[in-house]
Amino acid sequence: MSNVYITGMGSINALGLNCQEFSDLLKNGVNGIKRSSYFSKLSADVKVAAEIGEFKLSEYIKSKPIDKRLLEAVRPFRGSRTTMAIDTLIASVMQAYDMAKISCEDMELHSDRTSIVVAGSNLSQNRNDEIRNRYCNSKEYVTPNYAIQFFDTNYVGILSEIFKIKGEGMTVGNASASGNAALINAYRMVKSGVCDRCVVAAPIVDFSPYELQSFKNLGALGGDDYENNPEQACRPFDAAHNGFILGQGCGCIILESDRILGNNRSKALAQVLSGSIKLDGNRLSDARLDGEYSAMKNAVEYAGLKAEDIDYINAHGTSTPLGDDVELSAIKELFGADNNNLRVNSTKGMIGHCMFSAGLIEAIACVLQMNGNFVHGNANLSKPVAEDVRLVGNKAENYTIKYALNNSFGFGGINTSVVIKNVNI
Amino acid sequence: MSKEEIFEIIKENILDIIPELDLSEVTMKDSLKEIGANSVDRADIIMFTMESLNIRIPMVKFGNAANIGDIVDIMYEAKNE
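Chains as they are written, first to last, in this note's numbering: chain B, 52 to 476; chain D, 4 to 84.
Check each hint, because a few of them may be wrong.
Just so you have them, the derived chain D footprint on chain B, three or more residues with Cβ under 8 angstroms [to be verified]:
id: 1; region: 129 to 141
id: 2; region: 195 to 204
Partial chain D-side listing against chain B, Cβ under 10 angstroms, derived [said to hold, decoys possible]:
id: 3; residue: I20
id: 4; residue: V43
id: 5; residue: A46
id: 6; residue: I49
Everything labelled a hint here was simulated from the structure, so no lab data went into it.
Just so it is clear, CB atoms sit at the ideal spot from N, CA and C, and this is done for glycine as well.
Sequences are here, hints too, so could you generate the full structure?
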């Protein structure tokens with residue numbers, strides 16, 4: 052059994068094109084939610100969202116010193132036949148490898164002992180819809196490449212080709228908890244020796260008008276009254292919370308084993324101690340206290356810790372009334388009410404709900420706060436729905452995190468929790 | 004539509020799919036495979052060109068095409084039927 056360390060991270064989201072920007076903007080309480088220009092074209096009912104804006108890999112790579120071999124490997128995506136989801140994910144993985152100081156030689160050397168887990172499912176919904184238009188016009192003009200592209204594992208193929216990953220590879224789908232579930236699976240693979248290095252990659256959403264509309268019709272989507280003040284739309288744990296706000300965001304975390312790090316632990320940014328996934332036995336979308344409580348409790352126990360050891364929770368906190376309330380109740384039940392050694396926040400307040408990648412980006416936020424000695428503020432927290440849980444206020448606080456808990460929950464009764472340890476204290 | 008015009012459309016689609024290729028070096032004697040198009044790329048290049056030309060030919064008809072010139076010939080025939 053190996054220890055599992057996070058050695059590299061990368062992210063592109065509404066708060067930045069890399070982890071340094073992400074950390075700075077989190078600390079400064081910048082809000083990434085604006086009037087929607089991307090999602091609103093797909094559905095007029097999406098008024099506000101956290102969006103990345105334009106991003107082209109071909110432009111991005113001009114601004115960085117990149118190994119010629121990588122430049123050549125990403126050639127197929129330097130033209131017009133790529134997608135923003137592919138471009139941003141490749142860039143995030145590049146950032147993670149860079150942070151982990153893994154060279155092209157290193158990639159080749161450990162090729163067979165490197166695995167990849169891509170987070171999410173239904174990763175090409177809008178592309179699917181575009182192809183449908185072609186099909187309806189003329190069957191002969193359905194793009195042949197779509198046969199390769201529609202599989203979620205297209206991301207596995209692309210990333211394994213570019214980064215020479217020849218160990219195991221798969222997607223892990225867990226609805227909105229996919230990011231955490233992918234991280235947990237990767238953690239288990241490294242821990243058990245299936246691989247020495249595992250890349251966990253989570254792409255941005257590619258929802259079609261149908262998914263967006265159904266969220267709206269279900270009543271899950273918030274932001275209706277905030278067209279003129281979009282930064283106030285996402286309000287996790289606030290009395291005026293009224294639904295989640297969509298976020299575009301992708302992330303990558305690289306995990307490495309004792310074996311590959313050898314005696315040199317200096318590359319370790321943080322340690323993943325445990326992960327747990329717990330089902331409610333419920334196929335619907337409502338949050339349930341038992342499942343959330345159990346997921347958190349199990350994660351703490353598997354990490355060999357007690358509840359009082361946890362000093363920070365990155366909540367799922369989507370800004371939905373039922374979800375927020377249930378999560379705080381579960382936190383109180385496990386960690387005690389009025390626990391002054393605990394801080395709770397939700398990154399979604401600033402970057403929106405990044406869906407399949409949420410859990411992974413929020414795990415990155417845990418590490419950034421841990422190593423930056425702060426906890427970021429809860430956006431728009433004006434009237435907390437619970438007074439006896441130590442929610443971080445509107446502004447960031449200086450704070451030392453030793454053990455963080457990262458929560459992600461998903462439709463279909465899915466509850467996940469990951470424990471991350473600070474390696475610097 | 005002339006064969007030259009069809010060739011131009013093919014080249015545009017090649018560039019779309021194989022970015023940064025030096026198109027000035029591509030001639031009708033080259034095969035798509037030689038210039039670096041894999042099997043999926045080749046199918047896409049042919050499909051997108053047919054779409055531009057508003058013609059529909061079963062992909063198998065291109066099975067014996069040895070180079071871009073052959074592809075142009077097949078499309079030229081279909082366009083001028």
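So, going through the hints one by one against the coordinates:
As drawn, the region 129 to 141 of chain B meets chain D at 4 residues by the rule of a beta-carbon pair under 8 angstroms; at three or more, the given contact holds. Using a Cβ-Cβ cut-off of 8 angstroms, 4 residues of the region 195 to 204 of chain B lie near chain D, which meets the minimum of three, so the contact claim holds. Evaluation of the D/I20 hint against chain B yields a held restraint, the C-beta minimum of about 6 angstroms falling below 10 angstroms. Restraint check, D/V43 versus chain B: the minimum CB separation of about 5 angstroms is within 10 angstroms; hint holds.
A distance limit of 10 angstroms between C-beta atoms decides the matter here; for D/A46 the minimum to chain B is near 4 angstroms, and the interface restraint holds. For the restraint placing D/I49 at the interface with chain B, the shortest Cβ-Cβ distance is roughly 8 angstroms, inside the 10 angstroms limit, so the hint holds.
No hint from the list above goes unmet by this structure.
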